[in-house]
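*Asks:* Guided by the hints, dock chain B onto chain A, whose structure is given.
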Amino acid sequence: MRSRTLAVAVVITASSLVVAGCGSKGEAKSANAAGSGTLAIGASLSLTGSLAREGVLTQEGYQLCQEKVNAKGGVDIGGTKVKLDIQYQDDTSKPDVAAQLVDQFNDKGIKLILSSYGSANTEAQAAVIERNGQLMVDSAGADNKIFSKGYKRTFAVLSPATEYAASIVKAIAELATPKPKSIAFLSADDGFSKTVTEGGMKAAKAAGFTVLDPQYFPNGTSDVSSALTKVKGQHPDVIIGSVHLVEGVAIIKQAKELGVTPAGFGESVAPPTPDFAKTLGAQAENVLGSSQWTDATKGTDKYFGTAKDYAKDIQAKYNHAPDYHNAEASAACLALVLAAEKAGSSKADAVRAALSGLDTESFFGTIKFDSTGQNLYKPMSVIQIQNGKALTVWPTESAEAKMIWPGTK
Amino acid sequence: MSTLTKMPQQGLISTLRGDRAKRLGPWALGLVALLAALGLQGQLYSGQERTVATIFMFVALAQAWNLIGGFAGYASFGQVVFFGVGGYFTAVAMSHWHFSFWMSLLLSGFVAALFAVIIGIPLLRLKGHYFAIATLGVAEGMREVVTNLTDLTGGGAGITVPTVGNNATTAYLGNDGFYLLFLGLAVLSVIVGGLVARNKFGYALRAINQDEDAAAALGINTTRMKVLTFALSGFITGLVGASYAFQQVTIFPERLFDVDITVLMIIMVVIGGSGTVLGPLLGAVALQFLSEFLRQNFTNLHTFILGAIIIVAVVLLPQGAVNYMREARRTKEFSLLANVRKYRL
Numbered sequence: 012m013r014s015r016t017l018a019v020a021v022v023i024t025a026s027s028l029v030v031a032g033c034g035s036k037g038e039a040k041s042a043n044a045a046g047s048g049t050l051a052i053g054a055s056l057s058l059t060g061s062l063a064r065e066g067v068l069t070q071e072g073y074q075l076c077q078e079k080v081n082a083k084g085g086v087d088i089g090g091t092k093v094k095l096d097i098q099y100q101d102d103t104s105k106p107d108v109a110a111q112l113v114d115q116f117n118d119k120g121i122k123l124i125l126s127s128y129g130s131a132n133t134e135a136q137a138a139v140i141e142r143n144g145q146l147m148v149d150s151a152g153a154d155n156k157i158f159s160k161g162y163k164r165t166f167a168v169l170s171p172a173t174e175y176a177a178s179i180v181k182a183i184a185e186l187a188t189p190k191p192k193s194i195a196f197l198s199a200d201d202g203f204s205k206t207v208t209e210g211g212m213k214a215a216k217a218a219g220f221t222v223l224d225p226q227y228f229p230n231g232t233s234d235v236s237s238a239l240t241k242v243k244g245q246h247p248d249v250i251i252g253s254v255h256l257v258e259g260v261a262i263i264k265q266a267k268e269l270g271v272t273p274a275g276f277g278e279s280v281a282p283p284t285p286d287f288a289k290t291l292g293a294q295a296e297n298v299l300g301s302s303q304w305t306d307a308t309k310g311t312d313k314y315f316g317t318a319k320d321y322a323k324d325i326q327a328k329y330n331h332a333p334d335y336h337n338a339e340a341s342a343a344c345l346a347l348v349l350a351a352e353k354a355g356s357s358k359a360d361a362v363r364a365a366l367s368g369l370d371t372e373s374f375f376g377t378i379k380f381d382s383t384g385q386n387l388y389k390p391m392s393v394i395q396i397q398n399g400k401a402l403t404v405w406p407t408e409s410a411e412a413k414m415i416w417p418g419t420k
Numbered sequence: 027m028s029t030l031t032k033m034p035q036q037g038l039i040s041t042l043r044g045d046r047a048k049r050l051g052p053w054a055l056g057l058v059a060l061l062a063a064l065g066l067q068g069q070l071y072s073g074q075e076r077t078v079a080t081i082f083m084f085v086a087l088a089q090a091w092n093l094i095g096g097f098a099g100y101a102s103f104g105q106v107v108f109f110g111v112g113g114y115f116t117a118v119a120m121s122h123w124h125f126s127f128w129m130s131l132l133l134s135g136f137v138a139a140l141f142a143v144i145i146g147i148p149l150l151r152l153k154g155h156y157f158a159i160a161t162l163g164v165a166e167g168m169r170e171v172v173t174n175l176t177d178l179t180g181g182g183a184g185i186t187v188p189t190v191g192n193n194a195t196t197a198y199l200g201n202d203g204f205y206l207l208f209l210g211l212a213v214l215s216v217i218v219g220g221l222v223a224r225n226k227f228g229y230a231l232r233a234i235n236q237d238e239d240a241a242a243a244l245g246i247n248t249t250r251m252k253v254l255t256f257a258l259s260g261f262i263t264g265l266v267g268a269s270y271a272f273q274q275v276t277i278f279p280e281r282l283f284d285v286d287i288t289v290l291m292i293i294m295v296v297i298g299g300s301g302t303v304l305g306p307l308l309g310a311v312a313l314q315f316l317s318e319f320l321r322q323n324f325t326n327l328h329t330f331i332l333g334a335i336i337i338v339a340v341v342l343l344p345q346g347a348v349n350y351m352r353e354a355r356r357t358k359e360f361s362l363l364a365n366v367r368k369y370r371l
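Residue numbers (this note's numbering), protein chains in the order written: chain A, 12 to 420; chain B, 27 to 371.
One should not assume that every hint holds.
Said to hold, decoys possible - Pairs of lysine to aspartate or glutamate, EDC-like flavour, derived with a Cα cap of 20 Å:
1. A:K213 <-> A:D248
2. A:K400 <-> A:D286
3. A:K119 <-> B:D202
4. A:K119 <-> B:E318
5. A:K353 <-> A:D370
6. A:K313 <-> A:D248
No lab work stands behind these hints: they were computed from the structure.
Chain A with its partners taken away, still in its complex shape (with noise of 0.2 Å):
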């Protein structure tokens, strides 16, 4: 009897689900609705999960530019001061979750969104963005492929991943005495890393040096010892890695080891990091490094002030020196702010529009974006470990030290 009960009850709420079903469907509903006082900003963050430390940094970003803007009584849309309001949600790391938060934020009237971390979450979010009518700016998704598929919804602040080892190859050919004749990459397998081969070999062959064969390791691997052996006998005059910081660890320690002795090192995305020189003491000396951000960046801005303000305001605010990835993610959340009041609108068609004419400096370097969403105007910084600091060395107006040359003894 009890299971007849629990039937007829189970009918019940499902016929009523049934004709309550053949209503209208809901319609997303506005958040950024005139005299709310708030402009409301989506963002999807990678807060646990494999790229956990990236999202912190990441939502430090966001949060220190929420501050700072709101300090200044917020954002002044067509004449009105409304406050800035980031409202954060967990990705745990994956692509498919940050897209799919990307479709609940729409729910939720959010068409303005800012970007998870990484390529892979941001070219989910990206497709997503694109169906729903929204506007993301992306903080940390550099792999060009993203912008090679006509999306017109998504602007990215940083330079593209075709830029790290290429800005390398254009500091050693501008200031490497004596200048070295081959270059070498050794690259991690994954689509950024790949595409920062292709972008840095194009560059090595454009500058006139003779480039070998690139050798490819998988993604996170610590050994990468089988690359380096076969790059040994060619002795390349310099080694480029396309990696991230493991992988980056591994060429400088095993090469010592296996007794490959190019006159200098550069890789991308490892050195700039602080755990770099920790990890790695005396043998990280004279690395040279790519970074989207120093605090030695030329350019100012009204929210933020300076590179060094920048650097110190995080500081101050988070206990510890400035990353990139914070920098990144500040500037992607400024992007969004100014292209919000030269609107004088928080409609995402409208910000769009401003977006793509945005032509300003700041202390992320100038912030301006190709007719595909790229922004190709700011240079990469080349960074050179030099007695355990990063320090920047090209370009050249903005360089704290001179390029230690060469840069294995």
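*Replies:* Structure of chain B alone, referenced to chain A:
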């Protein structure tokens, strides 16, 4: 497990009418649930549809795992390999060979099933931990294979299913379409589970689960049964992977062969009640709903809270919610502490 083997005896002593009600009741309930799910769709925002579609996806995945892990008792820790194989087959077929999605979907199921047969024949000879580790190894290995077949799969950079322009063979289904697609897969998986549970095939699997040598002595061709089950389980998982690949548009090996997905399937089945049809369904709905709720409301602590809840659930209900309810109703012993004592001490 002991209650399950008593079910046919109970059926024998029931009246004919009661027996029919017992047989058809669950199907009727299922039909009502399906109508409710269809009705619910009209009430949801587009993004909510996607969230609920993910719940349906996990219902299908949990049901598929339950066939091999629950009924047959072979805990496959590499189940995600079928998800990945199905997903990658669809992505490759649609982008390189210009197959329609529906053709790719069907073929993905068969490719995953074939893969299950190929790895099942050697691996299903292993038992317990050895089988678990071996399947885990297959999934990890397959991820590396897919990562290194760069020309075909795009490697670590991922592969994009064409959904716009001239290369798009099937129009993108949108959140409405994927809701229905994943609902369909969930329904299919529950029907398969229901048929297996009530059929000679299912009893053979339970016999293998309880004592494989005894089952063989009864004349059950255990190897064939196990391989068939693994293939069926792989087929459904492959279909789900294929649908997921189309939904995501761009897929990456890390996610398509992510061990987290296997772990979720297992937790859902274990919490719901392994070896039952209702268990994986309830487990998947409850866990996915809970994790979504926690993520939206406790941005920084949600994984911690979810983990704690799972631990408590497994300690209190080691046999799963559905099996606990069945035993409790039969023995009139509802105390959770008694339950813990029974299974732990």
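*Asks:* Determine for every hint whether it applies to the structure shown.
*Replies:* Status of the hints after comparison with the structure:
Restraint check for K213 of chain A and D248 of chain A: the C-alpha separation of about 17 Å stays at or below 20 Å, so the hint holds. At most 20 Å may separate the alpha-carbon atoms for a hinted pair to count; K400 of chain A and D286 of chain A meet this at roughly 11 Å. The suggested pairing of K119 of chain A with D202 of chain B holds, with an alpha-carbon distance near 18 Å, which does not exceed 20 Å. With a C-alpha separation of about 16 Å, the suggested pairing of K119 of chain A with E318 of chain B holds against the 20 Å cut-off.
Restraint check for K353 of chain A and D370 of chain A: satisfied, since their Cα atoms lie roughly 11 Å apart, inside the 20 Å limit. Between K313 of chain A and D248 of chain A, the direct Cα distance comes to roughly 44 Å. Violation of the 20 Å bound is thereby established for this hinted pair.
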